[in-house]
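Q: Got chain A; can you put chain B on it based on the hints?
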Amino acid sequence: MSVWYVEDDRSNLNVIVTALAATRQNFDKFEYGLFDQKDLDFVGISVKKKPGNTPLRKANVWHRDLVELTIDKATRLVKTIFNNLEKKRLLREDIKTRIINAVRAGDIDLQKVNKSMGEKIEKLIA
Amino acid sequence: MSQTQTTHKSSFAEISDLPLVDTLARTDIHFWPNLVEQTPETFETTTLGKPEEWDKQLHVHFLDSRGRLHIKPIFSFSNSEETGLLFEDLEVRRGSSEHLSPRESREPEHITASTSLNNAHQIQVRSKIEALFNSYADGEFEDGMDKEFVEELGALIFGYNTKAVNAIADIVATNTANPEVVSEALCSLGQFRHPRSYRARLFLLERSLRSPSRWIRDGAALGLASMKDIHAVPYLREAIRNEQIPDLRKDLELVLDSLKQ
Numbered sequence: 582m583s584v585w586y587v588e589d590d591r592s593n594l595n596v597i598v599t600a601l602a603a604t605r606q607n608f609d610k611f612e613y614g615l616f617d618q619k620d621l622d623f624v625g626i627s628v629k630k631k632p633g634n635t636p637l638r639k640a641n642v643w644h645r646d647l648v649e650l651t652i653d654k655a656t657r658l659v660k661t662i663f664n665n666l667e668k669k670r671l672l673r674e675d676i677k678t679r680i681i682n683a684v685r686a687g688d689i690d691l692q693k694v695n696k697s698m699g700e701k702i703e704k705l706i707a
Numbered sequence: 471m472s473q474t475q476t477t478h479k480s481s482f483a484e485i486s487d488l489p490l491v492d493t494l495a496r497t498d499i500h501f502w503p504n505l506v507e508q509t510p511e512t513f514e515t516t517t518l519g520k521p522e523e524w525d526k527q528l529h530v531h532f533l534d535s536r537g538r539l540h541i542k543p544i545f546s547f548s549n550s551e552e553t554g555l556l557f558e559d560l561e562v563r564r565g566s567s568e569h570l571s572p573r574e575s576r577e578p579e580h581i582t583a584s585t586s587l588n589n590a591h592q593i594q595v596r597s598k599i600e601a602l603f604n605s606y607a608d609g610e611f612e613d614g615m616d617k618e619f620v621e622e623l624g625a626l627i628f629g630y631n632t633k634a635v636n637a638i639a640d641i642v643a644t645n646t647a648n649p650e651v652v653s654e655a656l657c658s659l660g661q662f663r664h665p666r667s668y669r670a671r672l673f674l675l676e677r678s679l680r681s682p683s684r685w686i687r688d689g690a691a692l693g694l695a696s697m698k699d700i701h702a703v704p705y706l707r708e709a710i711r712n713e714q715i716p717d718l719r720k721d722l723e724l725v726l727d728s729l730k731q
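So the protein lines, in turn, are chains A and B.
Read in our numbering, the first sequence has 698 at position 117, and its numbers run on one by one without any break.
Read in our numbering, the second sequence has 719 at position 249, and its numbers run on one by one without any break.
Any given hint might turn out to be false.
Selected chain A positions facing chain B (Cβ under 10 Å, derived; list incomplete) [as the list claims (entries may be wrong)]:
(1) A602
(2) L672
(3) M698
In short, the hints are calculated from the structure, not lab data.
Glycine included, each C-beta is placed from N, C-alpha and C at the ideal position.
Chain A on its own, in the form it takes in the complex:
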């Protein structure tokens, strides 16, 4: 299972969100949840660094895989984080702005973007 490591000061959060949003076909609202790494330790789930594969290169270093994940551990993880999960939503326009800005800054590799998303981006930056 893929998760993304967010620094304690959340300095990389925006980049990760933009990176994940850029993997989609469309500009749309984006929702995510943050939980503490201690919850993984509590459930006994190991984390492995593995580069991500988003179009936003500099975000890919923060990708992690949850390994040796059994159904039991996954269930316990959900139960553990359920009440403490910090949920956040970003609106469609916000996501669109972030992606376009990242494209203009040269942070997003348009060759790696989904074709449908790429067409939408190109219309906006044309």
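A: Quick look at chain B alone, frame taken from chain A:
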């Protein structure tokens, strides 16, 4: 940032000197009995009921063929022949009759195209919308993915204009479709670039913030976020005051903040 398309002005409040209570954009008489009106200040609910039960305090604001604004008690408003015009959108504000001038004129508002009240056609359009909603009733909508549902809905909006919006309003009011499908529809309504149906879509989204379904309230808020029209601000404020679900209240506040920027 607000849309440059038609926006509903606060002119009625200027005319009537009354606080804004509500606006509607419906001509379908079947919609009215299901309507519940709230005043933001008191939160009293008043069922508008059947036309024969409307009292003289309910006034209709409409534009004649020259774009002049008229205000008439709704009980006196019978048919288009009497007013000499055909129109599509009806705006109603509740107020005390003695505080309103019998007739006011102003600069023509930019109104949507007029058409006759054609129930047969409206029913046909509603069937198409219902069929679309039912065909996606078992599916799931994934954020960020292109959705055929949205394309098909867009085609109906572009093809049938406010009749399609009215059909969706009917479905929302009568609670006859999967609320998650309705939510997705409402969310999409805000994204279509279609001036003719703009006001109807805006009004529907504002009204849907009062739905008993959390999915529909959420979809309506997302639709309003896309429209970026500050006309929705008082409706969102009211929805936030009334919202019992904390997560959804946060989401509504997010939309309100986005409109204020």
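Q: For each hint, tell me whether it holds in the structure or not.
A: Hints, verified against the model:
1. Against a cut-off of 10 Å between C-beta atoms, the interface hint on A602/A holds, since the closest Cβ of chain B lies about 7 Å away.
2. With a least beta-carbon distance of about 5 Å to chain B, the hint placing L672/A at the interface is held under the 10 Å criterion.
3. Given the 10 Å rule on beta carbons, the hint for M698/A holds: about 9 Å separates it from the nearest Cβ of chain B.
The structure shown violates none of the earlier numbered hints.
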